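Hey, can you work out the whole structure from these sequences and the hints?
Number of protein chains: 2
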Amino acid sequence: MNTIKGCFTTYGFQPIETPSFENSDTLMGKYGEEGDRLIFKILNSGDYFKDVRKSLESTGMVIDGYYRFVNNLLRNRFELTDYNFEESSIARWVHGDENKEILVRFIKNNENTIRAYITATGTNNDEETIVSGIRSKLVNDFLNYLISDYILNIRTALPNISEKALRYDLTVPFARYVVQHQNDIVFPFKRYQMQPVWRADRPQKGRFREFYQCDADVVGSKSLWQEVELVQLYDAVFTQLGLKGTTIKMNNRKILSGIAEVIGASDKLIDFTVALDKLDKIGEEKVKEEMRFKGIDDAAIEKVQPLFEASGNASDKLSMLRGLLVTSEIGLEGIADLEFIVNSVDDLGLGSANLEIDVTLARGLNYYTGAIFEVAAPEGVKMGSIGGGGRYDDLTGIFGLKDVSGVGISFGLDRIYLVLEELGLFPDTVSAITQVLFLNFGEQEALYAMKAINQLRNQGISAELYPDAAKFKKQMTYADRRGIPFVVLAGDTEMAAGTYTLRNMGSGEQEQFDLKSLTTKAKS
Amino acid sequence: MNTIKGCFTTYGFQPIETPSFENSDTLMGKYGEEGDRLIFKILNSGDYFKDVRKSLESTGMVIDGYYRFVNNLLRNRFELTDYNFEESSIARWVHGDENKEILVRFIKNNENTIRAYITATGTNNDEETIVSGIRSKLVNDFLNYLISDYILNIRTALPNISEKALRYDLTVPFARYVVQHQNDIVFPFKRYQMQPVWRADRPQKGRFREFYQCDADVVGSKSLWQEVELVQLYDAVFTQLGLKGTTIKMNNRKILSGIAEVIGASDKLIDFTVALDKLDKIGEEKVKEEMRFKGIDDAAIEKVQPLFEASGNASDKLSMLRGLLVTSEIGLEGIADLEFIVNSVDDLGLGSANLEIDVTLARGLNYYTGAIFEVAAPEGVKMGSIGGGGRYDDLTGIFGLKDVSGVGISFGLDRIYLVLEELGLFPDTVSAITQVLFLNFGEQEALYAMKAINQLRNQGISAELYPDAAKFKKQMTYADRRGIPFVVLAGDTEMAAGTYTLRNMGSGEQEQFDLKSLTTKAKS
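As they're listed, the protein sequences go chains S and H.
When the first sequence is numbered by the working numbering, its final residue is 524 and no position is left out of the sequence of numbers.
When the second sequence is numbered by the working numbering, its final residue is 524 and no position is left out of the sequence of numbers.
FYI, nobody ran anything at the bench for these hints, they're computed from the structure.
One should not assume that every hint holds.
Copies of the same chain look alike in the list, so a pair counts if it works inside one copy or between any two.
[Unchecked claim] Capping the alpha-carbon separation at 30 Å, the derived lysine-lysine pairs in DSS-like fashion look like this:
#: 1; residue 1: 516; residue 2: 244
#: 2; residue 1: 382; residue 2: 5
#: 3; residue 1: 516; residue 2: 473
#: 4; residue 1: 5; residue 2: 516
#: 5; residue 1: 108; residue 2: 137
#: 6; residue 1: 5; residue 2: 523
#: 7; residue 1: 278; residue 2: 244
#: 8; residue 1: 451; residue 2: 244
#: 9; residue 1: 523; residue 2: 294
#: 10; residue 1: 137; residue 2: 100
#: 11; residue 1: 523; residue 2: 244
#: 12; residue 1: 108; residue 2: 5
Predicted, not measured: the structure shown is a model, and the values here were computed from it.
So, in structure tokens, the structure goes:
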């Protein structure tokens, strides 16, 4: 992470951090239905169910009102045809304004059912039983109605128990940030952000859905130099990490739109690209089969035949595309963009990455409007893409700031970590923070050691004293388990001579130094 | 933050990070009642109110059962005295096992009320009305009962809607971490942690309750060298930050316990310390008055008279304390601890901080068991303590790992930031990340510029190209607003000569360099 930060800084990106919390409104609806479900919500403090409780608490009065209304109807059931189901007639059966509405609404909506139930009571001998039965039915209907209402209230209350949610990615908070600070930001604005995000995806044992994302974006400029820079930035980071042979794949949304024009079916573009992407795996015939199955006709497939034969270097592919998209204005624009980027990167040179045109690359098709990037790990490492990005013409539009073009890339930190680990590219010193451990042989010896430790630390060398005058073996085991490369022994002899014995834990070699040469030795 | 991290590393502390989420159980009850209220809780996904809904949905059947039970009682009210209120008799009125319990419980508990209501119906002429009224009353009682039950269910469901909470501080998660990884950790374990914490304290407009904490702890050793090191670490950090003249105040819990012994009132210790702490502000007499008011008698105050006259250097204060606490074993132990630390620090020397004994220091009295630290900003800066800490003998006990002694300090990052800002100690370069901006005069010129930018970046110098060939003034304004100290102009003339014109934005000076000397110049 420090390497990546160093590169960002050298490239002129400013670090920003946004709060972990965003308003739920800011996040909801931005990541699709599945995304909404995976957003972690923060519980409000306070009484979320006031309304629910209130309606529960007034139930007794409403039921009682309905009860008396039904009793009255039953008592006068022979004049039922004259009964006035008007609001004012109903309302007098219930006390309290807040309860009226629910009762009136129910009775008016159920006039026919109530009339039918009550009319049925006139024709039977065992009248008391019938009356009671009808009353049960009527009250029960009403209860069921009330219950649905409560459930509705609970459902309504649920969204109110949370107004804040945890950051789901860095892009939406960044867009919110840009819009909010648009008057303070100096555009073009180059920022990077490296912060955790949270997703409520099936948690695994002992591991919660929290992980770091790392994005670098430039907003407020349409210049293609940004794309050039981002390719270089990818290359710089991977080169500095020692990760050689990554492939930066590029495509352009405009080229994909051009292809859509040429095949005469903008709506089939995704199907088309998904199928084409399988060329390496399933071969030309099967890809064409899939295209036909998706409703792309033979004439269209015939037109883009050159795509199936795409090969050679970037220049070859660009020529092929130029031939194919000669009739598409937007397609040619995309080719020109890509050509500028590829040529500029070529002129400037890359450290260890390869830049490749990949016409099947369709990452975030609905989102990106220009360049599309994706980075593949070095050949032989089984790993999905370790980075990706692209240009979007309207990042901030959803928050009301129109026409701010941006281009950004992200680094898949976890995957990069795994690749580095697989290839054994982490330097040993990452785990062995402390360079030198001074053994502790007692109070005087410890003080003598601390004086040397002070010197080393002042020189920026990480050193520490074993805190207790424990057994020699215990102290050595500690050094060993911590992976500390050097140990210093300083007892009576050394103190008398004003020296320190330095032991190389790897080789077992020991040598005596005075304080000055110890410092020099430890620095090397 | 980088400075602090650098010091931690040099002192042999390992960075750890814990997840933002902890189980609510881990956090609740650790910070007192107020703390519990301030913990942010994460909403579970899923259906929290299944039980509530279930009981609502069965309401109709239960009410109906009760209805029929009451009807039956009313019909047979003259034989009411013989009626069997046994469970099996009641249960037959309701269908479905899940509904039985609630009905049986209510009826059995309300036997007397029900009997009384129904008996009352025998004495009136307008019987039908009375029967109906009694029935209303009985059903209404039952409804109210059900409603309380629903409310109880909702209350019960509420805690279940959240099982996770956001980190409230770094100490409790660290204790949890140590216990959880006790078999993998090499003790003594020196760790530092610098992560955000969240508190649901009145949020201010546009600002949420998220802030960084920064702790360094050593656990698993009782050695006083740790205390010595932590004093040095404070000093190293503040010295490197350029913050001269901080005061590291130290006390020891054992000395405070000794004082409690001497005044014969352990329970008055806090009152005593709080009062003594005001000595500077309100003077000896008022302090004594407050002590008397708090119930500390004159004899006790007389005994600790030397505390009021505490002055001079550490050695003087230690002598004074030794005289005062001569009868207290634990007090003398505390003095010996403090003396060792003060003498060792004295021998080793500090860069810019002052170490001071402060017998009124009682920070976290209930928590710390040995050393107590607090750091005051340099004199003249109005700011509370900018750091604090101490030794605790039982950090991990609450999580089941006993007898792990630890000592730790924390840095008040926000306050340190404010102090540095007030004293103007932030280097200019903190805001001006980019050292050199290359102006953009067109495609060819930009490519020429990018070649130089590449060189500078390879040397670790942060450089960038203005992305568009915008007007000169606009580009210069950008450099100015970003606070970029150098601008490079390279147009036709420079390209022809193979040079770059470097402009110092501060002085306005311009000079031409070839690529190599430009790099050298920019590095200096």
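Status of the hints after comparison with the structure:
no.: 1; hint: 516 with 244; in the structure: between (40 Å within a copy, 27 Å between copies)
no.: 2; hint: 382 with 5; in the structure: within (26 Å within a copy, 35 Å between copies)
no.: 3; hint: 516 with 473; in the structure: within (28 Å within a copy, 55 Å between copies)
no.: 4; hint: 5 with 516; in the structure: between (34 Å within a copy, 26 Å between copies)
no.: 5; hint: 108 with 137; in the structure: both (17 Å within a copy, 25 Å between copies)
no.: 6; hint: 5 with 523; in the structure: both (25 Å within a copy, 19 Å between copies)
no.: 7; hint: 278 with 244; in the structure: within (26 Å within a copy, 65 Å between copies)
no.: 8; hint: 451 with 244; in the structure: between (43 Å within a copy, 22 Å between copies)
no.: 9; hint: 523 with 294; in the structure: neither (65 Å within a copy, 59 Å between copies)
no.: 10; hint: 137 with 100; in the structure: both (21 Å within a copy, 20 Å between copies)
no.: 11; hint: 523 with 244; in the structure: both (29 Å within a copy, 28 Å between copies)
no.: 12; hint: 108 with 5; in the structure: neither (68 Å within a copy, 72 Å between copies)
Hint violations for this structure: numbers 9, 12, all remaining hints satisfied.
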